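Now for the letters of each chain:
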Amino acid sequence: MDIQLASYIPLLLAAVMVVMVLAFALLEQNLKARVIARLYKNAPFYQAHRLLQQYHHAVNNRASADEIELITQEVNQYFNSPHQLPSGRQGQTTLTQEQYQQFAHAHRILQKQINFINTDMSAKQRIMVNTQIKIDCLNYAETYCPTEENLKEKSSADHSSMVSSIAKMP
Amino acid sequence: MSEILQYILYYGDKAMIVICLVPVFMSLKNKNWPIFSFALLYITAVALRHILSSYYSDFPQEEKVYIWYQTFEYLFFGTFIASVALHALLLWTTTKAIKCIYVLMTINVCFYAFMHWQRNIMGWNEYDWTWDLYTWIVVPINYIIIGILLVASIKGVQGRDGHSIS
Chain F
0 MDIQLASYIP
10 LLLAAVMVVM
20 VLAFALLEQN
30 LKARVIARLY
40 KNAPFYQAHR
50 LLQQYHHAVN
60 NRASADEIEL
70 ITQEVNQYFN
80 SPHQLPSGRQ
90 GQTTLTQEQY
100 QQFAHAHRIL
110 QKQINFINTD
120 MSAKQRIMVN
130 TQIKIDCLNY
140 AETYCPTEEN
150 LKEKSSADHS
160 SMVSSIAKMP
Chain H
0 MSEILQYILY
10 YGDKAMIVIC
20 LVPVFMSLKN
30 KNWPIFSFAL
40 LYITAVALRH
50 ILSSYYSDFP
60 QEEKVYIWYQ
70 TFEYLFFGTF
80 IASVALHALL
90 LWTTTKAIKC
100 IYVLMTINVC
110 FYAFMHWQRN
120 IMGWNEYDWT
130 WDLYTWIVVP
140 INYIIIGILL
150 VASIKGVQGR
160 DGHSIS
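Taken in order, these protein sequences are the chains called F and H.
Start counting the first sequence at 0; every next residue gets the next number (numbering that gives the first Met the number 0).
Start counting the second sequence at 0; every next residue gets the next number (numbering that gives the first Met the number 0).
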């Protein structure tokens with residue numbers, strides 16, 4: 000019986016596909032990382048994305064406290080770098096790890112919503128939802144990042160000034 | 000076996016192409032791009048398979064047995080790879096529906112590989128070789144895949160409040 004090697008290719012492909020589907024989460028993560036590294040290298044979010052990946056990688060692999068500290072420092076440097084903040088506020092912000100995670104989470108949610116608004120909504124809906132998002136931002140900031148003034152006195156005047164400043168956001 | 004069941008199974012391709020047009024247009028209307036792209040890829044695969052099978056029907060039996068399973072398996076595998084690549088390239092998250100479909104497609108591909116092994120490598124040929132495993136496994140799974148696509152395309156993209164927006 001003469002069986003060519005080529006007739007085993009379908010079996011091989013089936014095995015490859017089974018492995019790919021079984022390890023799909025890993026595959027997807029890996030592929031996306033590669034795609035971002037290749038295609039979106041010059042995109043504005045690339046550096047932040049890289050730092051985020053590094054942080055998650057360190058946390059998932061249970062890296063030592065020193066390493067996480069190092070990454071957190073890098074993150075802080077990135078957030079405090081000149082193109083991120085207006086000149087008056089440089090060096091003021093320092094985030095704890097928890098805060099950073101919360102910010103990353105919030106940023107993910109916000110980005111999703113903004114993409115959705117830009118692509119899928121009518122002009123009328125956009126106005127409504129933009130306002131809602133600003134209010135969400137405000138609530139988020141009040142819940143997770145209480146400033147010293149807020150801790151001392153939760154006055155309504157402060158609140159309204161924050162509302163007005165956030166409402167000016169584009 | 001009743002006439003209707005036989006008809007549904009045997010002429011599955013045409014029926015599937017017609018049914019699959021519904022998720023294509025529905026997801027286009029709902030702007031559900033992952034489902035839209037996948038439904039488009041799938042409808043092309045099924046249509047190609049239909050064209051190929053009618054093209055192969057003129058061939059002699061042996062050649063037909065040798066080519067049939069392989070090419071259809073390559074078609075499904077290509078669809079899977081194209082879909083995965085598209086999702087990665089555009090940074091879409093793969094939804095549960097599409098993951099489910101990937102699993103079902105894998106089962107299909109495994110059955111094609113099994114039939115290829117059975118008939119070309121081991122040489123176990125039966126008289127009516129299209130009317131057994133192929134019709135009972137692959138066609139119903141294709142119907143299930145299209146059903147999942149239908150449900151997923153009805154759902155649409157979810158807005159802030161968790162309801163779908165179209």
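Any given hint could be a false lead.
Only pairs whose alpha carbons sit at most 20 Å apart, straight line, appear in this in silico PhoX-like list of lysine-lysine [as the list claims (entries may be wrong)]:
#1 F:Lys31 with H:Lys28
#2 F:Lys31 with H:Lys98
#3 F:Lys111 with H:Lys95
In case anyone wonders, no lab produced these hints; they're calculated from the structure.
All of these numbers come straight from a predicted model, not from anything done at the bench.
Given hint lysine 28 of chain H paired with lysine 31 of chain F - CA-CA distance at most 20 Å: This hinted pair is violated, its Cα atoms lying about 27 Å apart.
Given hint lysine 95 of chain H paired with lysine 111 of chain F - CA-CA distance at most 20 Å: holds, 18 Å
Given hint lysine 98 of chain H paired with lysine 31 of chain F - CA-CA distance at most 20 Å: holds, 16 Å
Checked against the numbered hints above, the structure breaks only hint 1 and satisfies the rest.
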